[in-house]
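Participant: As a plain string of letters, each chain reads:
Protein chains: 2
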Amino acid sequence: MVQSQVLDRTFSALSDPTRRDILGILERGPASISDLAEPIGISLPGVLKHVRILEEANLVTTSKEGRTRECRLAPGDMDEVTDWIEHYRRLWERRLDRLEAYVERQQRKGDGR
Amino acid sequence: MVQSQVLDRTFSALSDPTRRDILGILERGPASISDLAEPIGISLPGVLKHVRILEEANLVTTSKEGRTRECRLAPGDMDEVTDWIEHYRRLWERRLDRLEAYVERQQRKGDGR
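Quick mapping for you: the protein sequence lines, in order, are chains B and E.
Here the first sequence stands for residues 1 to 113, numbered as in my numbering.
Here the second sequence stands for residues 114 to 226, numbered as in my numbering.
Some clues are possibly wrong.
Listed below are the simulated SDA-like cross-link pairs for lysine to any residue, each with C-alpha atoms no more than 20 Å apart in a straight line [claimed, not checked]:
no., chain 1, residue 1, chain 2, residue 2
1, E, Lys162, B, Ser15
2, E, Lys162, B, Asp8
3, B, Lys49, E, Asp121
4, B, Lys49, E, Ser128
5, B, Lys49, E, Lys162
6, E, Lys162, B, Ser12
Negatives, chain E to chain B, calculated, CB over 10 Å [what the hints assert, rightly or not]:
no., residue
7, Ser125
8, Glu140
9, Ser145
10, Leu161
11, Arg165
12, Arg182
13, Glu183
14, Thr195
It should be emphasised that the hints constitute simulated quantities derived from the structure, not laboratory data.
Model, not experiment: these values are computed from the prediction.
Glycine included, each C-beta is placed from N, C-alpha and C at the ideal position.
Starting from the given sequences, assemble the full structure and let the hints guide the process.
Facilitator: Spelled out as structure tokens, the structure:
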């Protein structure tokens, strides 16, 4: 899968508060769809829909355990996402450094008057 | 704005490849809506729609310059987003460390047989 589609799926999966809540619950350990439905307060099909989206983004894996579906946290494609975010952050830090240097130069000019 | 809404808006804004392309073009410097429309190959209203979403996520600022609208890159709420991503990454690194330690223990047991 090309990097752009990885970013589409991951950012899109993470853009929903219910899906981030599901990840938060799974941090504590594996859970079934009904284990997730209770604290989140939505229907089983609703939870399943969100879990599917998280599964497509490789943020969750599921497996059938008897009659229940066990959900587990997965690492996702965090390297790609972190690279993208870090690139953006560094860009801003460089800009802020340049702005700071500019402000200092202007201040020194002011002091020299 | 609560952190959850910040994450909703930022992840949602970043989930579209056209919007990430717009940010990529603005890295090189400010651009008008038509400067953006040409390389991206979509209509002016289409670009404007994407720019509005980026603006709501504080990833772009715009200002009227005569008859054109100048777009500039903005830092967004990258601290919140980076914190969230970093939390998830660290969680995985800890899990991988534990897994590695477990595998090493099992290997040592195997060697000792």
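Participant: Could you run down the list of hints and mark each one as holding or not?
Facilitator: Against the structure, the hints:
1. E:Lys162 with B:Ser15: holds (18 Å)
2. E:Lys162 with B:Asp8: holds (18 Å)
3. B:Lys49 with E:Asp121: holds (18 Å)
4. B:Lys49 with E:Ser128: Answer holds: lysine 49 of chain B to serine 128 of chain E is near 18 Å, not above 20 Å.
5. B:Lys49 with E:Lys162: Roughly 28 Å separates the two Cα atoms, so the pair is violated.
6. E:Lys162 with B:Ser12: holds (18 Å)
7. Ser125: violated (4 Å)
8. Glu140: violated (6 Å)
9. Ser145: holds (20 Å)
10. Leu161: Holds, since 21 Å exceeds 10 Å.
11. Arg165: It holds; arginine 165 of chain E is separated from chain B by about 16 Å at its closest Cβ, greater than 10 Å.
12. Arg182: At about 21 Å from chain B, arginine 182 of chain E clears the 10 Å cut-off, so the statement holds.
13. Glu183: holds (17 Å)
14. Thr195: violated (6 Å)
The structure fails to meet hints 5, 7, 8, 14 from the earlier list, while all remaining hints are met.
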